[in-house]
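J.: Chain residues, written in single-letter form:
Number of protein chains: 2
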Amino acid sequence: MSQKIRAAAEAGQGDASEALVQQPSIYLFSPAGAVQDRTRITKAAKTLRAAHCEVAVDSAAGARMMRFAGSDEERAAAFARAAVSGMDVALATRGGYGMHRLMHRLDFKRLAKSKVQWVGMSDFTAFSLGMLSQGGCAPTWSGPLATDQFAADERDDVTLEAFLEAMRGELEAVGFLNTRPAAKSLDIKGTLWGGNLCVLTSLLGTRFFPEIKGGILFLEDVGEHPYRIERMLLQLLHAGVLASQKAIVLGHFTQFKPVPNDRGFKLKTVIDFVQSQIKAPILTGLPAGHVPTVLTLPIGRRTRLLAEGRDAFLVWEHRH
Amino acid sequence: MSQKIRAAAEAGQGDASEALVQQPSIYLFSPAGAVQDRTRITKAAKTLRAAHCEVAVDSAAGARMMRFAGSDEERAAAFARAAVSGMDVALATRGGYGMHRLMHRLDFKRLAKSKVQWVGMSDFTAFSLGMLSQGGCAPTWSGPLATDQFAADERDDVTLEAFLEAMRGELEAVGFLNTRPAAKSLDIKGTLWGGNLCVLTSLLGTRFFPEIKGGILFLEDVGEHPYRIERMLLQLLHAGVLASQKAIVLGHFTQFKPVPNDRGFKLKTVIDFVQSQIKAPILTGLPAGHVPTVLTLPIGRRTRLLAEGRDAFLVWEHRH
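Residue numbers (numbering that gives the first Met the number 0), protein chains in the order written: chain S, 0 to 319; chain V, 0 to 319.
DSSO-like, lysine-lysine: derived pairs with alpha carbons at most 27 Å apart:
#1 S:K183 to S:K265
#2 S:K183 to S:K212
#3 S:K256 to S:K267
#4 V:K188 to V:K278
#5 V:K256 to S:K256
#6 V:K256 to S:K265
#7 S:K212 to S:K112
#8 V:K265 to V:K183
#9 V:K265 to S:K256
No wet-lab data here; the hints were simulated from the structure.
Just chain S, same shape as in the assembly (with noise of 0.2 Å):
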């Protein structure tokens, strides 16, 4: 790693072992699948307590109605009750489906105006591009789903951490192995977005589709086979988003099922294909997706991207 990295990486990093600073309390919501088993939602509560944090849990955050947490008309409500809950944190208990559903409900104008910090991932990568698309720079992050990271008897501690890092705005680097390094170094600066890659997909075409340019985009999904992943990086590729980008930043591709037919068609396949269309480098390894250790990544910050060999780091800067 060069000294430039290095330096970079440690200037961003907060420091752990300070046990007794201020945790940033936390809001519990449902903005889309139903919570099936809801202890999971007390489970996650209390490992966020016992990490020092204040925690509210939404009066509908357990609701039902068939796969959706509730009536459409529930989780947008359960929005617009955390951005005046006055807690630091929005935090959603679960993806599933069910944000395309609000997406032309929400007043993203208004919910920008909260001083909450917004996180999820998957479905909710939906209201981050919306917000992104619709409510400017009101903080949005990719990062853990309470019951999914922190409901669990084994609990990844360094999603924890991270995600509380990031939180209390010490976290402002994050680094990751590159497993597909390139010959040349990279040392770029643009604004990071991203999320889950069909949600980010199913949103072309509209109004809450960010228009960035010049960005850093990171991308990830769960149970897609690499036919589908190509045809919608295609797609993004055919509608001009990948040519306007300087890198795309791939995360876990996980639980898909190759076919026979494939014979000899895999992931690694699609990359190589993508990157024979595009210029701007595609780098591999990003700790984002159904993955056990999630990180916290802000969408919509403007981010620094150094990448040495197999030493890659997002350095982002402060909010102002």
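Given the structure of chain S, go ahead and fit chain V onto it with the hints provided.
T.: Then chain V, alone, in the frame of chain S:
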């Protein structure tokens, strides 16, 4: 069935009793997925020859490169060969995945100058819509795929008859049982377009998505859970596509697995929800999709849609 509907339907019906009509000549080619069992191409050709069609098979119809029917160059070249083949019809052997890799390679305007009628479905929807958006009014059809519909020992005669009559320009109307009848009868005119929902939405935001106002949009899909069907329909809604159509006609949505979390959320929930968001009526029951009997429907043709109770008809205009 009213007098008006019956008259319109009968005016468009070909006379299937003529045995010695001049049948179309057919060029079989592979635009997307590799045909795993090449004997199916021979079987399909045999079926069409038995129906008195002249058949030519593209030199790369049985090619293989990973999951594709040859490299991107080979498959793009197959389109060019089909265009200058002098045959009446270019029929895709199968769908799969592959068109998206070719979209920016194909010279749609040049292909559109050919007199050949392009036929296929599923992944081939991308070609039809690319042609409609880039090539103008060249004749493409949503119809059978040679190795899916014509290679089976127990083939579906209705599918074959309808395909041949459409290619001869005799069939100009199809009737179907509208399984979602409205109280009001319907008599509208618009551009008929559509195809596979997933492939169609995968073009949104790109130059290959046609801008059709006041159209009749038909959609089908296979292997997509209702929540994914809804997400795609909501993308079309938020992109303004659904609101600018005069009617939405749904074909079959097959081979998806409900999950316990659905708790009553099903395809009907999706259709009712989308209907609550738009004024244009949604009809269902069109024989299109991954089912034994498929219609051959013109893409981009001015079409009349008549519906009364459970009787529905699509009557398209002659090409001039």
